[in-house]
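Residue numbers (the numbering used here), protein chains in the order written: chain H, 122 to 392; chain L, 173 to 632; chain G, 547 to 1098.
Keep in mind the hints are simulated off the structure, nothing from the lab.
All of these numbers come straight from a predicted model, not from anything done at the bench.
Please note: incorrect hints may appear among the correct ones.
Pairs of lysine to any residue residues, derived as SDA-like cross-links and limited to a Cα-Cα distance of at most 20 Å, are as follows [unchecked claim]:
| # | chain 1 | residue 1 | chain 2 | residue 2 |
| --- | --- | --- | --- | --- |
| 1 | L | LYS279 | G | GLN1007 |
| 2 | L | LYS224 | G | TYR701 |
| 3 | L | LYS628 | L | ASP578 |
| 4 | G | LYS733 | H | PRO366 |
| 5 | L | LYS224 | G | ASN703 |
| 6 | H | LYS255 | H | ARG189 |
| 7 | H | LYS160 | G | ARG735 |
| 8 | L | LYS279 | G | PRO737 |
| 9 | H | LYS262 | H | VAL210 |
| 10 | H | LYS160 | G | PRO737 |
| 11 | L | LYS224 | G | THR1075 |
| 12 | L | LYS224 | G | GLY779 |
| 13 | L | LYS224 | G | ALA1090 |
| 14 | H | LYS160 | G | LEU663 |
| 15 | L | LYS224 | G | SER571 |
| 16 | G | LYS733 | H | THR155 |
| 17 | G | LYS733 | H | ASN204 |
| 18 | L | LYS628 | L | GLY579 |
| 19 | L | LYS224 | G | ALA736 |
| 20 | H | LYS262 | G | GLY779 |
| 21 | H | LYS160 | G | TRP568 |
| 22 | L | LYS224 | G | LEU1098 |
| 23 | G | LYS733 | H | LYS262 |
| 24 | L | LYS279 | G | TYR701 |
| 25 | L | LYS224 | G | SER617 |
| 26 | L | LYS279 | G | ALA786 |
| 27 | G | LYS733 | H | VAL210 |
| 28 | L | LYS224 | G | PRO1081 |
Each chain is listed here by its residues.
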Amino acid sequence: MATTTPTAKPAQPHGHDGHDHGVHGRELQHHFETVQQQKETATLGMWAFLVTEIMLFGGIFMAYIVYRWAFPEVWAAAAHHLNTPLGAVNTVVLLVSSLTVALAVNAAEEGKRRRVLTMLGVTLVLGLTFLLIKGYEYSEKFAHCAGYATPISWVTGTGQHAVDECLVPGRAFLFPEAHGAEGAAAASEHGAPQPGLGSPYQLFYFLYFVATGLHAVHMIVGLTIVSILTFLVWRGMITATYFTPIEIGGLYWHLIDIIWVFLFPLFYLVH
Amino acid sequence: MRNFPLFPEQASSFAGQIDVLYWTLVGLSLLFGGMLPFIILFLMVRYHRSNKAADRTNQVHSNLLLEATWSGIPLLIVLGIFFWGAFLYVHVRTPPPRTLEIYVIGKQWMWHTQHPNGKRENNELHVPIGRPVRLIMTSQDVIHSFYIPAFRVKQDVLPGRYTSMWFEATKAGEYHLFCAEYCGTEHSLMGGRVVALSLADYERWLVTPGEVILPDGSSGAAVPTPPGSAIGDPMALVGEQLFTSLGCSGCHRMDGAGVGPSLQGLYGSQEQLADGSTITADENYLRTSIINPGAQITAGYQPVMPSYAGQLSEDQINQLIAYIKSLAGDGASSGTSGMSGGGSSGASATGSEAAGAAAPAFDQALAAQGERVFTNLGCVGCHRSDGAGIGPRLNGLYNTEQRLADGSSVIADVAYLEESIRNAAARVAEGYQPVMPAYGNQLSDDQVRQLIEYIKSLGE
Amino acid sequence: MAATAFPESGYLHDDTPGLWAWIKSWLFTVDHKRIAILYLLSINFFFLLGGLAATFVRIELVTPQGDLMSSDVYNRMFTLHGVIMVFFFLIPAIPSVLGNFLVPLMIGARDLAFPRLNLFSWYLYMFGGIFALSAAVLGGVDTGWTFYTPFSSTYSNSNVILTITGAFIMGFSSIATAVNFIATIHKMRAPGLTWFRLPLFIWAAYATSLVIVLATPVVGIALLLVAIERIWGVGIFDPALGGDPLLFQHLFWFYSHPAVYIMILPAFGVISELIATFSRKRIFGYEFIAFSSMAIAILGFLVWGHHMFVSSQSMYASLVFSFITMLIAIPSAIKVFNWTATLYKGSISYRTPMLYALGFMGLFVIGGLTGIFLGVVAIDIHVTDTYFVVAHFHYVMVGGTIMAYLGGIHFWWPKMTGRMYNEVWGGISALVVFVGFNMTFFPQFVLGYLGMPRRYHVYPQEFQVLHVLSSSGAAVLAVGFIIPLIYLLLSLVNGRVAGDNPWDATGLEWHTSSPPPTHNFERIPVVTTEAYAYPPEAAARDAAEWRPGSPL
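Just chain H, same shape as in the assembly (with noise of 0.2 Å):
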């Protein structure tokens, strides 16, 4: 070592014996020194994260914007057969709930046991609330494709007719418009519908499926992390001092909620 100068010297003392766990308080990671750096870490964290996530709903956008720009026409009239009212009341749903993770990680803050258990609470419910709408949304596409007006008249099984739509991408795909639509007098005389296979009225769909679908699954993660936090405040896990988890699970559920404001426009107001 002799041609060396030392890069470092030794400080500060932070060896072992200044390095249980009693001195910080166990939320404090054995390779942290401060809370602050832990906490300012696991932010950054999340946001890298984040990050990743933008850039996988990245390449379903690709995808779209490639679709819409070469059928336009297609795009307009696919988007009249989702359930526009039942997209907006989901995402007053889901912006409801970004409000209450936002309050949740403000009482957090103030140390408001009660009050972060009952934002909590709600976000769940909301939470839930907009899975199963989408869910009664993704059955009536199914319903429709058994012949069946309703999911609830598919359960019941009642009223089957035959079947004029299937907006659900596979072999039985059926879009109720003709292509190109109006005066194409053969085509409409018997109401020939769209075959599945090869229409780019499916592509549609399937990036309708694919990217609800993918939102779900990550509704679902959400749900699955605000319970976690809600036991953790439940056990006393939380405080005033550490809030950390509370304050980046709010900031992916945040996420999962401007996603749904980029897919509610895209999917269901194209003209």
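We have chain H; now place chains L and G onto it with these hints.
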């Protein structure tokens, strides 16, 4: 050295140009890549720790001028190389106005090529030297890539669209033809040879007997017509028949008074679209307009044309496009127009004589031929076997009682079927519109017989 | 640097007795160093597997006919080689093994920011590996590692979905590691360790992490879409189903080109460390090397289209991609020039890691220069999808990444294990790898310009001589890879105890014991100088102290 080449043959007008650029790059690389290891070797030895004599004082750890130099000089060089390569690339990708057009269809694991006079080849391509050749290529299944190393050209061949490339062979000989894009199990066998011939030899070759496209759109063995003869471009002729039999001519009237735009002079022109943009009517535009007519509507027309997706084979689309291109007039290239009629004119036996060979008496063979006609004419497009077509389903039709649109009924016997083919509007089935074109005298008696035998053979 | 007794307090040491406790202490460890060792073992396993597949491919290509295996088996073999080497070796090799071990040590932290996430990433890696392996065991996959549609989505009848799932899961393992590195490097540097005092390996790891975070999810979604298209037969890439096959290529290369930099950037970092240490000198142009890593990371996102020059993308797009590809050559050149300048007036020793680093420079120069050939569109038309491309990316991936990986392993082996290996054999292996590598891949440049397409099971007679040359080189290369395996393993048994700083290096990792204690540092160091802070007279003194008999 014959079996151990280190450098590929130069057999096209591009080869020399690309090789010059390549060798320049090799030279520059040797200068940099060759010099650098020697500098490193020199420094390695000079400043090895055992060399106590080396001066190690006054070390430098950063020098902006030096950094700028060794960033700037390579930057200038690569930019120079880029522009050289870019101009060459634009040249390689821009075909001259008059080219000999050859259609190529790739499929797992074979190349089909078709010359303007209808002559077809498998895994081979004959081209004349000294004449620009443009390949119009598509694939029936996965992505392939048409690669002729001696010509220094390669282009991926995609399903669902046309890609094209051009070259001008300069040296007679046989060269490798490869598929360069991995396409599955026998990828390495998907190739063959490219034969470059003098123009006279090429034209002689064009009329040698072999597989050609027949007037009914199918292909079989026959003696091809010579290029430039009175008969014209057989592909365009077949395309014209297809155009009529599919009923396209009803809307795309030549006088421009139809529901759809006139196709006269369309190819190669600038089309104004309904959304305000303009597009060059090239092969891909024509193709899209057949497969997915709603995508790019000509300004002033309604999106009423039905899609032909899945109803036409790649061959048939090529034929339709060859026909539409033949309507383009003088401005655009059209097949063999540049070719001189050098072939022997005596060998012009038309394909139908060969195809309409004496029909065996038993039904099976007739029905099989009928099925070909049925498919080639596009009947399947409307008379779909699942009953979802514009026309009635034909399975189990023969000799059953059918209700007609006027309320009467009829036994679907041979006479009725023949009448329905030749003059469909006469007795229309109940629930259907009289939209089927009359095939009147377009079909020979033999072909009608074949069709009827085929319809007979369709059981439930 | 007297050899001291082997430290018993290192991270490798276990207090609790019993086999099960020992297994648990490894499989449930959250210590970044132990996780690095887990990665080391599993990644080398995959490397040997991928190498085995390559061996079969090269043996088959000795003759122009397909006589060793059927075309189907051949296709599965080169796909296995590609998938394993790219997704399970090259991408994770340096970040997950060396990065995991070194990032906290080099910046003076006690662990990575998220230790449990780190362990989770290893399980994800293994899980993905099991999927890919089961695909191979159940009959293999024949799409090539690029999974081009519509072949992969519709036409192939092999285990595409299993393989895709494996690659997809492995992608999340990369992301977990990258998120960990970003947070750690940003927030957990030792006091005084500013950004411009960081070792260049850290800069490289940071740039790599950014690329991973931004690019990996895109290939994830592309592969997911292929799987959905395959399972449900609904089209997004197959034109017969209404899709666009080029969209897949765009999405795929948007990841897979940056992935090339995921593989090579950490290698640059390793080489910077080695060159500085074995020249006994500060690295030349520190800022330029650091910023060139970032420039490569950013420009790397804008060049994916150069994989698609003949795919029928528009002429203008090709020209733009070609232009940016030319630009990206510059930061790579800057690095090489700076490394060369570092040698000047240094005191160079030919220790094993340095031999690998010098080999790297030679091979990477060839790999980089041939990259310019491929970036020039007019030439690319002729040589793309031929052996020229194969040779080019092997020069970068094997000549670059693997040389740096081996160099790094040799450099930090004493730190990881506390033992020295036999340096005579080390030098021999570096030489054998260098020679074998050039024998294998240089003939392939010639083959490629002759027009030999890649992924060919049978080929025209006239290419045989060059193929035989290449295959014999591969045999030499294989020997070169096996020798280190033997002497490194032997060193664990009878290697000399290395001591804390056997190379006389300056990084923080050399200021703790070898092997380091579980929490890395007795005391967190305070950094007062920049990286590679050899004093001006260090090189001269090193040369002066050299005696015949000291290491070369």
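So, going through the hints one by one against the coordinates:
Between the alpha carbons of L:LYS279 and G:GLN1007 the distance comes to roughly 25 Å, so the proposed pair goes past 20 Å and is violated. Our distance criterion of 20 Å between C-alpha atoms is broken by L:LYS224 and G:TYR701, whose separation comes to about 67 Å. About 25 Å separates the Cα atoms of L:LYS628 and L:ASP578, which puts this hinted pair outside 20 Å; it is violated. Restraint check: the Cα-Cα separation between G:LYS733 and H:PRO366 comes to about 18 Å, which is no more than 20 Å; the hinted pair holds.
Distance check on the hinted pair: L:LYS224 and G:ASN703 sit about 66 Å apart at the alpha-carbon level, beyond 20 Å; violated. Between H:LYS255 and H:ARG189 the alpha-carbon distance is near 23 Å, which puts this suggested pair outside the 20 Å criterion. For a cut-off of 20 Å, the pair hint linking H:LYS160 to G:ARG735 stands: about 15 Å separates their Cα positions. Of the supplied pair hints, the one linking L:LYS279 and G:PRO737 is violated, its CA atoms being roughly 64 Å apart against a limit of 20 Å.
The suggested pairing of H:LYS262 with H:VAL210 holds, with an alpha-carbon distance near 18 Å, which does not exceed 20 Å. For the suggested pair H:LYS160 and G:PRO737, the alpha carbons sit about 18 Å apart, so the restraint of at most 20 Å is met. Of the pairs offered as hints, the one joining L:LYS224 and G:THR1075 is violated, with about 28 Å between alpha carbons and a cut-off of 20 Å exceeded. With a C-alpha separation of about 72 Å, the suggested pair L:LYS224 and G:GLY779 falls outside the 20 Å cut-off, and the hint is violated.
The straight-line distance between the Cα atoms of L:LYS224 and G:ALA1090 is roughly 6 Å, inside the 20 Å bound, and the hint therefore holds. Only pairs whose Cα atoms come within 20 Å are accepted, and H:LYS160 paired with G:LEU663 is accepted, the gap being roughly 16 Å. A distance of roughly 50 Å separates the Cα atoms of L:LYS224 and G:SER571; the hinted pair therefore is violated under the 20 Å criterion. A C-alpha spacing of about 11 Å is found between G:LYS733 and H:THR155, which places the hinted pair at or below 20 Å, so the restraint holds.
Our distance criterion of 20 Å between C-alpha atoms is broken by G:LYS733 and H:ASN204, whose separation comes to about 46 Å. For the hint pairing L:LYS628 with L:GLY579, the CA-to-CA distance comes to about 24 Å; that exceeds 20 Å, so the pair is violated. The hinted pair formed by L:LYS224 and G:ALA736 fails the criterion: a straight-line CA distance of about 38 Å is larger than 20 Å. Taking the CA atoms of H:LYS262 and G:GLY779, the gap is about 18 Å. The hint holds against a cut of 20 Å.
The suggested pairing of H:LYS160 with G:TRP568 is violated, with an alpha-carbon distance near 33 Å, which exceeds 20 Å. For the hint pairing L:LYS224 with G:LEU1098, the CA-to-CA distance comes to about 13 Å; that is within 20 Å, so the pair holds. At most 20 Å may separate the alpha-carbon atoms for a hinted pair to count; G:LYS733 and H:LYS262 exceed this at roughly 49 Å. Between the alpha carbons of L:LYS279 and G:TYR701 the distance comes to roughly 12 Å, so the proposed pair stays at or under 20 Å and holds.
Between L:LYS224 and G:SER617 the CA atoms are separated by roughly 60 Å; this puts the pair beyond 20 Å, and the hint is violated. Between L:LYS279 and G:ALA786 the alpha-carbon distance is near 14 Å, which keeps this suggested pair within the 20 Å criterion. With a C-alpha separation of about 41 Å, the suggested pair G:LYS733 and H:VAL210 falls outside the 20 Å cut-off, and the hint is violated. Annotation: proposed proximity of L:LYS224 to G:PRO1081 holds, straight-line Cα distance about 18 Å (limit 20 Å).
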